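Residue numbers (the working numbering): 12 to 148.
Hints were generated in silico from the structure; no laboratory data involved.
Do not rely on the hints blindly, as some may be mistaken.
Claimed, not checked - With beta-carbon atoms standing in for the labels, derived distance ranges:
hint, residue 1, residue 2, range
1, D76, Q50, 21 to 27 Å
2, I75, G123, 37 to 43 Å
3, S107, P53, 17 to 23 Å
4, R87, E137, 22 to 28 Å
5, R90, Q50, 18 to 24 Å
6, R141, Q50, 21 to 27 Å
Since the structure is predicted, the reported quantities are computational estimates derived from the model, not experimental observations.
Beta carbons are placed, not taken as given, at the ideal position from N, Cα and C, and that holds for glycine.
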Amino acid sequence: MNRKLTLAAALLALSLPAAAQAQGLVRGAEEGAAVGRAQGGPIGEIVGGAIGAATGTVNGILGIDSRPRFRSYVLREGRPSYTYGEEVRVGTVLPSDGVSYYEVPAEYGASGYRYTVVNGRPVLVEPGSRRIVEVID
12 MNRKLTLAAA
22 LLALSLPAAA
32 QAQGLVRGAE
42 EGAAVGRAQG
52 GPIGEIVGGA
62 IGAATGTVNG
72 ILGIDSRPRF
82 RSYVLREGRP
92 SYTYGEEVRV
102 GTVLPSDGVS
112 YYEVPAEYGA
122 SGYRYTVVNG
132 RPVLVEPGSR
142 RIVEVID
């Protein structure tokens, strides 16, 4: 039974689009596994991790409820927009020069990420790689 659940969780994770995986899969899986472990032991951890991965992928890093607030925050801050000649999407690596990155306030729960504005759209970025991990629309 344990192997079947593990296999099901792996297949679920592999079937999700790569762009969506970048946004919330790991965080969702970690949180789901912790809740599942607390409520159902090892089996609950496996099931909770799979369900959390799927939910985290849908909600992204900021989560559905925080996205509009964060977008409003960024717009209020009036940060300059970097003009990028290609599509702004998850996975895009921004250039090392000309882009300014800003701390995400703790209240949004995205520690470890930075934000910037690209072509008028707020985005979350991994600071080390400069890769866009979430586009805030």
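Taking the hints in turn, this is what the structure says about them:
Between D76 and Q50 the C-beta distance comes to about 23 Å, which sits within the given range of 21 to 27 Å. The hinted range of 37 to 43 Å is not satisfied by I75 and G123, whose Cβ atoms lie roughly 20 Å apart. Between S107 and P53 the beta carbons are some 44 Å apart, a value that contradicts the proposed interval 17 to 23 Å. Hint check: R87 to E137, Cβ distance near 24 Å, so the stated range 22 to 28 Å holds.
The beta-carbon spacing between R90 and Q50, approximately 42 Å, falls outside the hinted interval of 18 to 24 Å. For the hinted restraint 21 to 27 Å between R141 and Q50, the CB-CB distance of approximately 39 Å leaves it violated.
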